[in-house]
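The listed protein sequences derive, respectively, from chains A and B. For the first sequence, my numbering assigns the number 110 to the last residue and increments by one with no breaks. For the second sequence, my numbering assigns the number 882 to the last residue and increments by one with no breaks.
Quick caveat, the hints were computed from the structure, so don't treat them as lab data. For each residue, glycine too, the CB sits at the ideal point set by N, CA and C. Hints are supplied without guarantee of correctness; some may be wrong.
As the list claims (entries may be wrong) - Where chain B lies over chain A, by a calculated footprint (3+ residues, C-beta under 8 Å): (1) 51-57; (2) 76-89; (3) 101-108.
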Amino acid sequence: MAGKQIDLLQGTLHLLVLKALAPGPLHGLGVSHRIAQITKGTFKVKPGSLFPALHRMEEAGWLQPSWGESENNRRAKYYRLTAAGRRQLEAETEDWQRISMAITGALKAT
Amino acid sequence: MPLIPRLTSLWRNLFHKDRVEQEFTEEIQAYLEMLTETKIRQGLTPQEALRRSLVELGGVEQVKERVREIRMGQFIETTWQDVRCGVRALVKSPVFTAVTVLSLALGIGANTAIFSIVNALLLRPLPYPDAARIVDVWHTPPQQSFPGLDRFSVSPANYLDWKAQSNSFEQMAVYQDTGLSLTTSGDPLSLTGAVVSSDFFSVLRVNAISGRTFSAEAERPGHDQVVVIGHGLWQRAFGANPNIIGQTLTLNSRNFTVVGVMPSGFQFPLEAELWVPLAWDDKERQTRSIHDYWVVARLKQNVSPQQAQAEMSTISSRLEQQFPEQNKGWGALVIPLHEDLVGDVRPALLVLFCAVIFVLLIACANVANLMLSRGFNRQKEIALRTALGATRVRLVRQLLTESVLLAVAGGLLGLLLAGWGSKMLVQLSSGSLPNAGDIGVDTLALGFTLVVSFAAGMVVGIVPALQFTRANIGETLKQGSSRTGSSPIKQRTRKALVISEVALSLILLIGAGLMIRSFWKLQNVNPGFDTGNALTMSIVLTPIRYSEPHQRLAFVERAIEQIRSVPGVISVGTTTKIPLAGGGSTQPFTIEGRPAAAVAEQPMAQTRYISPDYYRAIGIPLRQGRFFSDQDRDNSVPVVIISEAMARRFWPGENPIGRRLTPSFHLEQGAREIVGVVGDVKTSGLDADASAMMYLPYKQAPLPFMSFVVRTASNPETLIQPVSKAIYSIDKEQALTDVGTLEQVLARSMSGRRFNMTLLITFAGVALVLAAVGVYGVMNYTVMMRRRELGIRLALGAQKMDVLRLVLGQGLTLTLIGVGAGLLSAYAVTRLMASLLYGVTATDYLTFVSVSVVLIAVGLLASYLPARRATKVDPMIALRTE
Chain A
1 MAGKQIDLLQ GTLHLLVLKA LAPGPLHGLG VSHRIAQITK GTFKVKPGSL FPALHRMEEA
61 GWLQPSWGES ENNRRAKYYR LTAAGRRQLE AETEDWQRIS MAITGALKAT
Chain B
1 MPLIPRLTSL WRNLFHKDRV EQEFTEEIQA YLEMLTETKI RQGLTPQEAL RRSLVELGGV
61 EQVKERVREI RMGQFIETTW QDVRCGVRAL VKSPVFTAVT VLSLALGIGA NTAIFSIVNA
121 LLLRPLPYPD AARIVDVWHT PPQQSFPGLD RFSVSPANYL DWKAQSNSFE QMAVYQDTGL
181 SLTTSGDPLS LTGAVVSSDF FSVLRVNAIS GRTFSAEAER PGHDQVVVIG HGLWQRAFGA
241 NPNIIGQTLT LNSRNFTVVG VMPSGFQFPL EAELWVPLAW DDKERQTRSI HDYWVVARLK
301 QNVSPQQAQA EMSTISSRLE QQFPEQNKGW GALVIPLHED LVGDVRPALL VLFCAVIFVL
361 LIACANVANL MLSRGFNRQK EIALRTALGA TRVRLVRQLL TESVLLAVAG GLLGLLLAGW
421 GSKMLVQLSS GSLPNAGDIG VDTLALGFTL VVSFAAGMVV GIVPALQFTR ANIGETLKQG
481 SSRTGSSPIK QRTRKALVIS EVALSLILLI GAGLMIRSFW KLQNVNPGFD TGNALTMSIV
541 LTPIRYSEPH QRLAFVERAI EQIRSVPGVI SVGTTTKIPL AGGGSTQPFT IEGRPAAAVA
601 EQPMAQTRYI SPDYYRAIGI PLRQGRFFSD QDRDNSVPVV IISEAMARRF WPGENPIGRR
661 LTPSFHLEQG AREIVGVVGD VKTSGLDADA SAMMYLPYKQ APLPFMSFVV RTASNPETLI
721 QPVSKAIYSI DKEQALTDVG TLEQVLARSM SGRRFNMTLL ITFAGVALVL AAVGVYGVMN
781 YTVMMRRREL GIRLALGAQK MDVLRLVLGQ GLTLTLIGVG AGLLSAYAVT RLMASLLYGV
841 TATDYLTFVS VSVVLIAVGL LASYLPARRA TKVDPMIALR TE
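Bound conformation, chain A alone (with noise of 0.2 Å):
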């Protein structure tokens, strides 16, 4: 593991869902494994902070559950992108990307 883990505020933490799930369903620590990957280790997601957004998240109607079989051969329920949750990934990511260009901006600036 490489690099310094960082806490994750409220929305990045469900962009970092989203984009996670982007690819395919994924259960619980699926999503978990598949953040860390894709954040090179920076952010690794506790269940206490990923179970209450994966649940508030199917609550706004964003993830849709099933249960399926894992691996190896566990009931596991899996979370998978709704069209609703799309748009919100689409949406945050433009926010994520202003908020971040300016905010590299400001730090640049003299």
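Chain B: place on chain A using the hints.
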């Protein structure tokens, strides 16, 4: 976002918390196990892997708690948002809000009011422990003597045999209601009481709150001068005196010691406030053919009323064989007490309940229609929100929140209406409902209102909500404000709603029409006597001062004399029971010169004991022979006067005058000569056939109870005071009861019918107005939507008449389809109310036709206003504004 899974999730969160909880536990468990496996694969020992995973998880319960908060929190937050949003939207359109809330309040209020009656009478168990096991036991009389009667009171000897021979009952008790006059410092107080056997209270399982009830000892003659008083009387007449036990009361001129006070609300039989012991002497215990008592019993645990019935039937037929002379044809009927009390009002209540449900359905259809029209204006808002990312569920949920808000507001208002309405209903029923005092809006009625409100909100909201959110966003946005017409689906929905409104109100109107026709027919029935300007009051002479016939005779003669001297009195008569007041005694008789039959098989006739002036006072006409005179006394020839019905039945085509008959209660006086035939009177109700009646002169059989009939020159009410005073001047201890006018007696005999009719008319009226509003609304909307088209038609040379005809035709089509559907359903439904009708059939074509005509006229009128507006469309303006 798919609708169904979202709705199910919502549903699950609210109503299947356990399953949600369990699924989450499973989810966490799977996570933990998979994490551990990952760590094992990375080379840790199983124990170490599990330990680290648990640390990483950081407390299963805390995680669960946070998820729980989020799930519920999210729900509450969204709902709160929707509520605020909804309130804002509703406040912005006050007219719409007022109209919908009012219609729903009417519908829901009527439902709650009727439900509170249904609840108090049909649903709520009687206020006795284990009340389902309490039954009434009746005689069933021989049908040839009492056609149509299925319940008859019981004779002492038969009761004693039932009690001794039956095994189905824990206890069996016997009682009889009685009028008691309580001597006070002022006028005597006339009270309803009951004479009861000692196990009466243990059958009901109700105990005195102070003192005790009766011991078996009290059934022995000479030990029976004890009394138990009701809570209400204790408070009213004795100021809730805690030392009342042991005090002496003077009832019917006899002294009784108070031994107990019953709990408040205890009233059995109906309206009883005093209970005294029943003490039969040996002669009474052997009486088998005088049926004068009521029997109530408690079934043993696990014995059904049917089993008890089977046993009682066996016992009765054994008694029939044993005592054929008195018991031939007399059976037994076991009927649960609750059923016995409310059985008569159940059909009417169920009809009324159906009626109010119809009213609510019509109100809902109307409100749904209003919401559809309103939603049209909101379609752009909805499309915009959809474009901005609102899901369909979210929108449906918001619209539903709005309609539920409306319905709950309507429900609250309806609750107020119902609280007031149920009081009105009790007044309106004027005694035709048993236990009317218990009627009111209680928690169950409150819950009912809540459920009905929510259901109504959902019902009126779901159709519009689904329709709007189905709309294609692009389409709506593109259309902008150019309204060329609304989608055919929406129009179809609206029309279907209006058609069902018309159909439902037609059914209600037909129901009301049938009731009105019955009532008219009944009012035109001649009761056989003159109800105008006449007063009546009853008295029971207490045995202690009036044990001897000559004492009673003296009292009656003096009373008649005193009343006659009151200014304004034209004539005075006495009888033993006023017609239409209910009750009255019946006795068997034999006709001279015809073969004798056993007592049980002898013909029966209603019997009255009257003074010579009775017929003149009450206005019963003489048909043949003569009235009684003062010369018909105890030492003259025994005489009898019969009614036309009796003459027709027993002397068809013959002259009964001069024939002789022997009433079985007066065997010692021998055969009586028929000296007159008088007109028939209705005794038990205007809807019943006139029964055979015989009248005996009271001087030849002076009974201790009588009713006065006083014919007055002017308004009889003003004479109530002076006439009562005249009677009290003779004896201050004899309380007068049932004081009132004959008009009131007549009105009371129809109060049940009047109650049902008034309610059905009210509901049908409300339904008619709602349906008219519905038709108007749809036609108005259609005209609005088609303004452009109508404008073009007018511009192209269509005449105003053509437009008028076009719109009216459409309104008429809707109404006609509704009427057609309504007629078909009414034909099927009204027969359920057959038992409430008199003189008309449930499918009376006159009612069906005239009601349809009325409804079609109303439908035309409701479409005429929009049609006229259509003709006034200015083609130029119509085309330009679009």
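Do the hints match the structure? See the list:
1. Taking a C-beta to C-beta cut-off of 8 Å, the segment 51-57 of chain A contributes 4 residues in contact with chain B, enough for the three needed, and the coverage statement holds.
2. Three residues within the 8 Å Cβ limit are the bar, and the segment 76-89 of chain A against chain B gives 7, so the coverage statement holds.
3. Note: the segment 101-108 of chain A has 0 residues with beta-carbon separation from chain B under 8 Å; the three-residue rule is not met and the coverage is violated.
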